[in-house]
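There are 2 protein chains.
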Amino acid sequence: MRHTYHDVEFCATRVALSLLAGKWKPILFFHLFAGPRRFSELWRDIPRVSKKVLLEQLRQLEAAGLVERTVHNGFPPEVTYQLSAKGAELGPILRRLDEWAVKHIEGVVQIS
Amino acid sequence: MRHTYHDVEFCATRVALSLLAGKWKPILFFHLFAGPRRFSELWRDIPRVSKKVLLEQLRQLEAAGLVERTVHNGFPPEVTYQLSAKGAELGPILRRLDEWAVKHIEGVVQIS
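Those sequence lines, one after another, are chains A and B.
Once you know that position 66 of the first sequence is 94 in my numbering, the rest is easy, because the numbers rise by one and skip nothing.
Once you know that position 7 of the second sequence is 35 in my numbering, the rest is easy, because the numbers rise by one and skip nothing.
Listed below are the simulated EDC-like cross-link pairs for lysine to aspartate or glutamate, each with C-alpha atoms no more than 16 Å apart in a straight line:
no. : chain 1 : residue 1 : chain 2 : residue 2
1   : B       : 53        : B       : 96
2   : B       : 51        : B       : 73
3   : A       : 80        : A       : 69
4   : B       : 53        : B       : 84
5   : B       : 114       : A       : 134
6   : B       : 80        : B       : 69
7   : A       : 114       : A       : 96
8   : A       : 114       : B       : 127
9   : B       : 131       : A       : 117
10  : A       : 131       : B       : 117
11  : A       : 79        : A       : 69
12  : B       : 114       : B       : 96
13  : B       : 114       : A       : 127
14  : A       : 53        : A       : 84
15  : B       : 51        : B       : 84
16  : A       : 53        : A       : 96
17  : A       : 114       : B       : 134
18  : A       : 53        : A       : 73
For the record, the hints were derived by calculation from the structure and aren't laboratory data.
With the sequences and hints as input, model every part of the structure.
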């Protein structure tokens, strides 16, 4: 069945890529694949991102259902972020993409 | 080994995603996965893309080594585009991403 114009807008791959692309999201995913992280840990481990930008990126990922935010009661209360089940499913795909890029794109680095 | 700042710039996944993201590249890949295509075929099959934008997208993919351009002698001479070996390796990865998106993102369509 031939698809009409609106499919370009809603092409699954395009929408998925738009959720992942950008300067900070790939490296955010990388850190969150390691498990739940406090905001302060993410801010420390991702060089040169401002707190404002980091918060905005996390909110976008949360809105897309890829990240979950948990508030832990205590004094002061603590907030951790972790990948949702949906977000975690992207792990193997992004790893394959990372391997492809390391194999084929000069000068890139595999963040270990 | 902890990576320093410049790695964010050269993070393999980030660079790969930047090559693939955008309005037209995912659907271009979709069509080129089916085999070599003439410019006129691509322009016909991708609704509402202008010739100028299509040409620019193909040039970017060619510059990234993901697409090869072949000029066939004849009258008039014909130009076809096809994925390079490097570009074709992205097929399974983009297919997995497409499946993930169809499963998890409401309203997207799998272009068949």
